[in-house]
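Asker: Spelled out from the first residue to the last, the chains are:
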Amino acid sequence: MDCFYAAVHVRDDPSLSGLPVVIGGSPQGRGVVAAASYEARKFGVHSAMPAARAARLCSRLVFIRPDFPRYRRESAEIFAIFRRYTPLVQTVSLDEAYLDVSEHLEPFGNATALAKDLRAAVLKERKLTVSVGVGPNRLVAKIASDYDKPDGLTVVPPKKVRRFLDPQPARRLLGVGPATERALAELGIATIADLRVQSRELLERRFGRHGGGLYRYARGIDERPVNTHRERKSLGHENTYAKDLNGLEPMDAEIVRLATKVATGLIKRDLSARTVVLKVRYADFTTLTRSRTLAWPTTDPAELAAHAHALLRKTEAEKRPVRLLGVTASGLEKGAAIQLPLFPLEGRDGPLPWGCL
Amino acid sequence: MDVRLNRSDFLNELAPMQGIVERKTTIPALAHILLTAQEGGLRLAASDLDVSLTSSCEADVATTGGIAVQAKKLIEIIRAINGADVHLKEEEPQTLTIKAGNSRFKIRGMRPEDFPTLPKVGEGAQATIPFADFRRMVSKIIFAVSAEESRFQLNGALMKFKAGGMEMVATDGHRLALVENKGLEDGPSGEDVSEEGVLVPRKALQELQRFEGEGSLAFVRGQHHLSFVLGRRTLICRILEGTFPDYERVISKDNDKKLIFDRRNLADAVRRVALLTGDRARAVRFQFEPSQLVISAANPDLGEAVEQVPCDYSGEEFRLGVNPDYMVDFLSAVETDKVRLDLKDENTQAVGYPVDGPDERYLCVIMPMRI
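Protein sequences appear in the order of chains A and B. Residue numbering for the first sequence follows the working numbering, starting at 91 and increasing by one per position. Residue numbering for the second sequence follows the working numbering, starting at 172 and increasing by one per position.
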């Protein structure tokens, strides 16, 4: 989808049309930008940017609080349209999905015609634009869908994969984030073509197992199937504080609150967690995570909190102001037998329960 | 130092030191035992800074003096050598010569000054209890002490003195064991004994359990430390800081289903069925049906196990997920032939009691598993 969150608001409130709309926290506080309309992006606003900085870039920005229940409902409607074309739909986020249409081309005859029909259906029924990339595998389709945004359709037939990929920057590839991009730049590699001419040995020597992936991706090779049963890998909550937290005591209390939310989410989805991850961002934006794996899966907020508290003590949080804390449960299991806690954690506003310090 | 002493006496006092000494430590002194030859005998000391143990052996002391030697090697040597007597002598500085039978060992040691200073407990509340009773109480609750480091206030048991008796409670947040004994010989005396109780670290309880002897265990509570004296041995431990949970609250009183079982039958059945639980989700299912309990476990990778245990139940069918280890721990700690389980529903803690036991309060609360 194109600027999904912003597009939903603009569609439902035509007075926003053509304005630079930003979905996110308040620019007076310390919220971040969750999404920005194309009009806002022209000013250099992008997601994950602090809202206050976005406001400095353009004084006319229209800030809107995110409304996730609304996006989830809209997303479900759109994915239902996708499923009319093929049952093989892999949802990646609220506004992104892979469709395997290779066995479901009738009555369109080819993927291009199907994609055109699908785009028209979404526009007609949901009044939203969607950009589609058609390719022989997920890697190519993803890059193609980003190629002509918004409201674009890019088709890359198998024989044209190399010509399509070669000129693009290497960072478009799966697995090339900022760190890998820097490492590639040191080797003089900027484009996918630059990467493609490197030997597998060199890439594996420099990047280990990841190097083998880069070698294949640069050739447009990707054998991952469209996976319709996307399993949740983690469940977490984090919060950026209006004022930095100082000292372990307020942080401990926040961790109990976050752990309670995580535990509630786990129980609601019949999941349990084997690993607890604590995320800490200091006032200077240095961010780190610490994790530990438990002997048994748990959904007990007190247990999650106790581990997160222990992890907090492995950071410098006692001495440094902290602007963000996050608690995430991973190593999730569905339907596992869960030991219920003997001393339930009651009301998150109350005093710290035992075992949580 | 220059002393001669009986080898088996020496070994008797060395053995309990082994548990105190830190196996993995970055402070070399903590892997050592301090030997001090003094008027009338040889004094031994070991410490991990939280728990320390001192003891003594009768010995012929020719020259007084002290040396700290590596605990593991010393014990290995004393255990391995022949002969009824051992001769210990510091012939060169910081080197201990051990002679027995036809063997002679020279082991390098440390100066006594490099060994940590043992804490002083100071004046405080006191009590005395027959050691056999104390040991029995510890064995009834120690399995419920948490081994989870992040819940450090649960890494010990609460010891609470009451008029003429003593209570010990342990919990790991999933189950809880409580025992109360009326057989206090002396005490409590002094201030601050009865009210809040004191948290005794797990390691101290474990090491005390290894003690042998018939006598009385004398207990003193100082400001930060506790001491336990049994005969010539004194164990001193740091008091565990923290608040113990409000445990009386979780001992459910309104569990209406009260079922009596043969203790061994139930324990054996749970052990057998538990053979088919996975490593990661150790849950067995207790299905209560008219006049029987059906215990079962199913594991997609392994298969399934079922066993019926007769029981006098006549109500509605209901089921309970149980960690078999918790149930077996309780059934192993109870001493009576029959046990009673008080139950309510699948979300409520089960409470186990001895039936026709000695005059003491003992119970084990087990929170069920969601299955």
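The set of hints was computed from the structure by calculation and includes no laboratory data. A couple of the hints might just be wrong.
Unchecked claim - Simulated crosslink set (SDA-like; lysine to any residue; CA at most 25 Å straight-line): (1) A:K409 / B:N518; (2) A:K323 / B:Q324; (3) B:K195 / A:K424; (4) A:K323 / B:G449; (5) A:K404 / B:D472; (6) A:K424 / B:I542; (7) A:K404 / B:N326; (8) B:K374 / A:K424; (9) A:K424 / B:P372; (10) A:K351 / B:R456; (11) A:K424 / B:R456; (12) B:K195 / A:S381; (13) A:K424 / B:P187; (14) A:K404 / B:T197; (15) A:K424 / B:T448; (16) B:K515 / A:A400; (17) B:K195 / A:H194; (18) A:K404 / B:G449; (19) B:K260 / A:K424; (20) A:K424 / B:L473; (21) B:K374 / A:S165; (22) A:K404 / B:P372; (23) A:K424 / B:Q458; (24) A:K404 / B:T448.
Asker: A separate judgement is required for each hint: does it hold in the structure or not?
Answerer: Now for the hints, and whether the structure bears them out:
1. A:K409 / B:N518: violated, 42 Å
2. A:K323 / B:Q324: violated, 32 Å
3. B:K195 / A:K424: Not satisfied, since the Cα-Cα distance of roughly 38 Å exceeds 25 Å.
4. A:K323 / B:G449: Holds, at about 22 Å.
5. A:K404 / B:D472: This hinted pair is violated, its Cα atoms lying about 38 Å apart.
6. A:K424 / B:I542: holds, 11 Å
7. A:K404 / B:N326: Roughly 20 Å separates the two Cα atoms, so the pair holds.
8. B:K374 / A:K424: At roughly 37 Å apart (the allowed maximum being 25 Å), K424 (chain A) and K374 (chain B) break the hint.
9. A:K424 / B:P372: Violated. K424 (chain A) to P372 (chain B) sits at ~36 Å, over the 25 Å cutoff.
10. A:K351 / B:R456: Answer violated: K351 (chain A) to R456 (chain B) is near 29 Å, above 25 Å.
11. A:K424 / B:R456: holds, 18 Å
12. B:K195 / A:S381: Within the cut-off at roughly 23 Å; holds.
13. A:K424 / B:P187: violated, 46 Å
14. A:K404 / B:T197: With a Cα-Cα distance of about 19 Å, the restraint between K404 (chain A) and T197 (chain B) holds, given a limit of 25 Å.
15. A:K424 / B:T448: holds, 17 Å
16. B:K515 / A:A400: Not satisfied, since the Cα-Cα distance of roughly 35 Å exceeds 25 Å.
17. B:K195 / A:H194: violated, 63 Å
18. A:K404 / B:G449: Given that 25 Å is the threshold and the Cα spacing comes to 32 Å, the pair is violated.
19. B:K260 / A:K424: The given pair, whose Cα atoms are some 65 Å apart, is violated under the 25 Å limit.
20. A:K424 / B:L473: Between K424 (chain A) and L473 (chain B) the Cα gap is close to 18 Å, so the pair holds against 25 Å.
21. B:K374 / A:S165: Violated. K374 (chain B) to S165 (chain A) sits at ~56 Å, over the 25 Å cutoff.
22. A:K404 / B:P372: holds, 23 Å
23. A:K424 / B:Q458: holds, 23 Å
24. A:K404 / B:T448: It is violated: about 35 Å lies between the C-alpha atoms, which goes past 25 Å.
The structure fails hints 1, 2, 3, 5, 8, 9, 10, 13, 16, 17, 18, 19, 21 and 24 (numbered hints given earlier, in ascending order).
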